Amino acid sequence: MTGGLLIWAVHFVGVYLISSVADVWSSSEAVSARWTGLAFSMGCLLCIIALAVWLGKGWREASGQEAWESRVGLTGALVAGISVLWQTAPLAF
Amino acid sequence: MTSETGFDVDKYDRFPTTEPRPEGELEQLEQAWCGPRSPWEWITATNNNIIGVYYVGAAMLFFVLAGVLALLMRTQLALPMTGFLPQETYNQIFTMHGTVMMFLFAVPAVEALGVLLLPQMLGARDLPFPRLGAYAFWAYLIGGLAFFCSLFFGLAPDGGWFMYPPLTSTAYSPGINADFWLLGIGFIEISAIAGAIEIIVGVLKTRAPGMTLDKLPIFAWAMLIFACMIIIAFPSIILATLLLELERALGWPFFDPFKGGDPMLWQHLFWFFGHPEVYIIFLPAAGAMSTIIPAMARTPLVGHPLVVMAMLATGFISFGVWAHHMFTTGMPQISINYFSAASMAVSVPAGVQVFAWIATIAAGRMRFSTPGLFAVGGMVIFVMGGLTGVMVAMVPFDWQAHDSYFIVAHLHYVLIGGMVFPLFAAIYYWLPMSSARPLSERWGRWIFWLMFAGHNLAFMPMHLTGLMGMPRRVYTYLPGRGWDLPNLVSTLGAFMFGLAVLLWVIDMARNYRPFGPREAGDIHGGPGLEWLPSGFYSVRSIPVVKSLYPLWEQKGLAEEVAAGRYFLPGAARGERQTLVTSPLNAEPQYVLRIPRPSAWHVFGAVFTAGFFLILTIQAYAAAVVSGVLAVYCIMRWCWFLDAPHARKTTDIGASIRVPNYVSGPSSHGWWAMVIVLIVGAMVCLLAGFSYVFLWSRRPDLWQAPPASSMLLAPVGLLVVAGLCAVAAPRAVRTARAGAVSAAAGLLVLACAAAITASILEGRAWWATGLRPEASSQGASVYALLSWAGTFAAIGGLMGLYVVLRRLFGRLASERPSTVDLISLFLAFTAAQSIGVILLVRLFPGGGT
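From first to last, the protein sequence lines are chains A and B. If you read the first sequence in my numbering, its first letter stands for residue 276, the second for the next number, and so on. If you read the second sequence in my numbering, its first letter stands for residue 633, the second for the next number, and so on.
If you're looking for bench data, these hints aren't it; they were derived computationally from the structure. Just so it is clear, the structure is predicted and the values come from calculations on it, not from any experiment. Please note: incorrect hints may appear among the correct ones.
Said to hold, decoys possible - Restraint ranges, calculated between C-beta atoms of paired labels, are given here: (1) Thr960(B) / Ser302(A): 17 to 23 Å; (2) Leu882(B) / Val288(A): 58 to 64 Å; (3) Arg1268(B) / Trp361(A): 50 to 56 Å; (4) Phe1000(B) / Trp361(A): 34 to 40 Å; (5) Trp300(A) / Gly786(B): 47 to 53 Å; (6) Trp361(A) / Leu1474(B): 34 to 40 Å; (7) Pro1331(B) / Phe368(A): 29 to 35 Å; (8) Val288(A) / Phe1029(B): 52 to 58 Å; (9) Ser302(A) / Leu1474(B): 24 to 30 Å.
Claimed, not checked - Rough simulated footprint, nothing fancy, chain A against chain B, three-plus residues with beta-carbon under 8 Å: (10) 948 to 957; (11) 1002 to 1010; (12) 1120 to 1131.
For each residue, glycine too, the CB sits at the ideal point set by N, CA and C.
Please put together the full structure from these sequences, using the hints given.
Structure below.
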């Protein structure tokens, strides 16, 4: 149910760590740091998509409480996807 | 639906039962749950119906007190160059206003609402740890009043409610004013964590059978997320206050740049707590709104799963926005961008909730009586605050508005719209549940409109004064800057708001009649279980829940529950009992015997508060005595737990029998211990972050760790401690003679190994010449080791407790909970200590 949001949390901590480590070693604006951050973000987005597909399947097959949980998880994954995408945008500019 | 515990859910069809109830059953239930009969029993009471009312009352007292401080400030600022308050007093008053509102009103008020409402809402007799809830309340009340009284002696903190160093270091705040804040707030947060543990375990483990997650009331969802957020966020402020107090009292330089410290560390730690705090306050209020609006509109909440998702998402994303308070501190640009993006993203779930409320109002027939007015008024104000929140999430705008009155306006719109108005809606909506008379509807409308108009009159002009350049926290200003009129209007608005609160206090005095034989009841037609007929025992029988809105959709439920046709209709053997259910599907698991009132938790709270308060005035010997007495009282309180049961099972109705005792992950105590350990782990994790952060500031000051050969002994001892802790629960469960002694012996061995490892590691660092007051490395290494050592010392106390229980015959193979929980604590202690030692030894390596 909270899978998408957990991936968002991992993404947030990840990109923050990558930029902080880059800031200590050279610069948070370094090209290598940006590409690392972008690659990490893409990985997180793929995980969210995979989770959403799996939850979507579960939603169709389940009923009652299980369908409800899948629905909450699916919409949570959607919000997490938007947030990850939005937080990746600074790396692209 | 697959069963979670193996319980056959078809057994729910046996309810409501039809056979006549035994004679005298209700009288026995009433006798078991009887209210206090003497003044002393009103103090030692633990029932949520009593403690909840005390708790809400105390929170509202602090709201009024902090409101009076606000009026004093507004009087001072009404006109330019006024001398109503001296500058020093003004500094104390604005610090106390913010601190009391945030720490003594907002969080406790919503926690109090949870303590009062949740058992009835969930169909439980009480929360699972009523004495812990009462302890949290008394600790909060005593600590809060003592903290507030510092104002009358000129000892109140004066560094702003976020207490930034270096302003709050001994160089710029040499008195004990800042210490009052640091020790007082740190202590009050511990009380908040105790309440959160109670709420999490209560929501997950004491729901009525059938109340699966999709049927869990939205307010309970909100309280669950709120309590989880407290568990993650509050350790940060506990650590921050601990570090600053260590710097002030012992000179450990965490925030002193001359010795490698960095004041930015405080800002990171404070805001990692401080921003989620806003959502911690908002979520329960939003849960109340999502309950009240459907009830007042007489229709189900539109988009219920989306609202649950939105609350979960808010809980997560709010932890990614802390640095938006630090945009002007010179953080790396890319990091600022991440926080800016998260700050905007968090408005998505907030928007989902607001649209769900609007859609619910549109779909139903909204009644604009007082709770409806407060709910809609709060929504309007909150949306306005949310919009300025998106503005300040944008970095260039924030640079202009930072530390100006625009921010004061924004935060008051968010907090008053997002918490105060919903709280008043909740008070008007739920008060008939615990009072013989509801509050006056006529007065309520007056109070709402005065408050709504007063709020907008007070805070709307602050947007303008802020944009015109008026900074926060100034005690006066020069005339002729265009600030005069908006400030005068703000003051008038503040007094209008104050008048509304005064009228509410008078109306409460006129009409609020709690603890009587009957209540005004469900005058708003609410659909939740909290509106079932109830007494101190909560519900007569615990119903099977088949709907999200049981009173609307399960016809005849109230009468059947009152007739004892569901679970636990009586009080077997005169005990106070409630039903413990599984966390996902709410399937019956066992009957929990709820302890009766005693004085030990009250004494424990008094001496714990005494310890922290006496520490503030640096009377260390007296503080130690108070601390020892607190530990003694808490051990006495625990002494009577895990006691034998007369029978192994209880018939909970319709010939369904469940055990009276379980241990391990099914038990409520195990859950509480795991949550306590998460708190400990969060403090340790954040201390680890502080260690790495301080290294990154001044790596040149860091020296090499002790020789690697000295690593083996402490780590080896900790591995032994961990293995003993893991082996003890297995040992106690063996049927052999001496199993209990073997388990106790293993636990004592684990304690001894953990304490010895702590001492060895401390000595190894001491031998390198590193001192805690010399550099940020010394301070952070010894802070981490002290944290791990404190756990080892508490483990030692637990070892002593186990030995005493063994000697007095209070340990038994068939009741392994005591051994289980202490083992869990010691295993965690060993793992945490190993993590700490490896971090300080291996990072950053051999020094630079």
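Consistency of the hints with the structure:
Between threonine 960(B) and serine 302(A) the C-beta distance comes to about 20 Å, which sits within the given range of 17 to 23 Å. Evaluation of the 58 to 64 Å hint for leucine 882(B) and valine 288(A) yields a failure: the beta carbon distance comes to about 32 Å. Remark: the range hint 50 to 56 Å for arginine 1268(B) to tryptophan 361(A) is upheld by a beta-carbon distance near 54 Å. With their beta carbons about 38 Å apart, phenylalanine 1000(B) and tryptophan 361(A) fall inside the hinted range of 34 to 40 Å.
The hinted window of 47 to 53 Å between tryptophan 300(A) and glycine 786(B) holds, with their beta carbons roughly 49 Å apart. The hint said 34 to 40 Å for the Cβ distance between tryptophan 361(A) and leucine 1474(B), and at roughly 36 Å that hint holds. Checked against the hint of 29 to 35 Å, the pair proline 1331(B) and phenylalanine 368(A) passes, with Cβ atoms roughly 31 Å apart. A hinted range of 52 to 58 Å is violated for the C-beta pair valine 288(A) and phenylalanine 1029(B), which are about 27 Å apart.
Restraint check, serine 302(A) to leucine 1474(B): a C-beta distance of roughly 26 Å satisfies the suggested window 24 to 30 Å. Interface restraint, the region 948 to 957 of chain B with chain A: holds (4 residues with C-beta to C-beta distance below 8 Å; minimum three). Coverage of a stretch by a chain is defined here by at least three residues with a beta carbon nearer than 8 Å to that chain's beta carbons; for the region 1002 to 1010 of chain B and chain A the count is 0, and the condition is violated. Note: the region 1120 to 1131 of chain B has 0 residues with beta-carbon separation from chain A under 8 Å; the three-residue rule is not met and the coverage is violated.
In the structure shown, a violation is registered for the earlier hints numbered 2, 8, 11 and 12, in ascending order.
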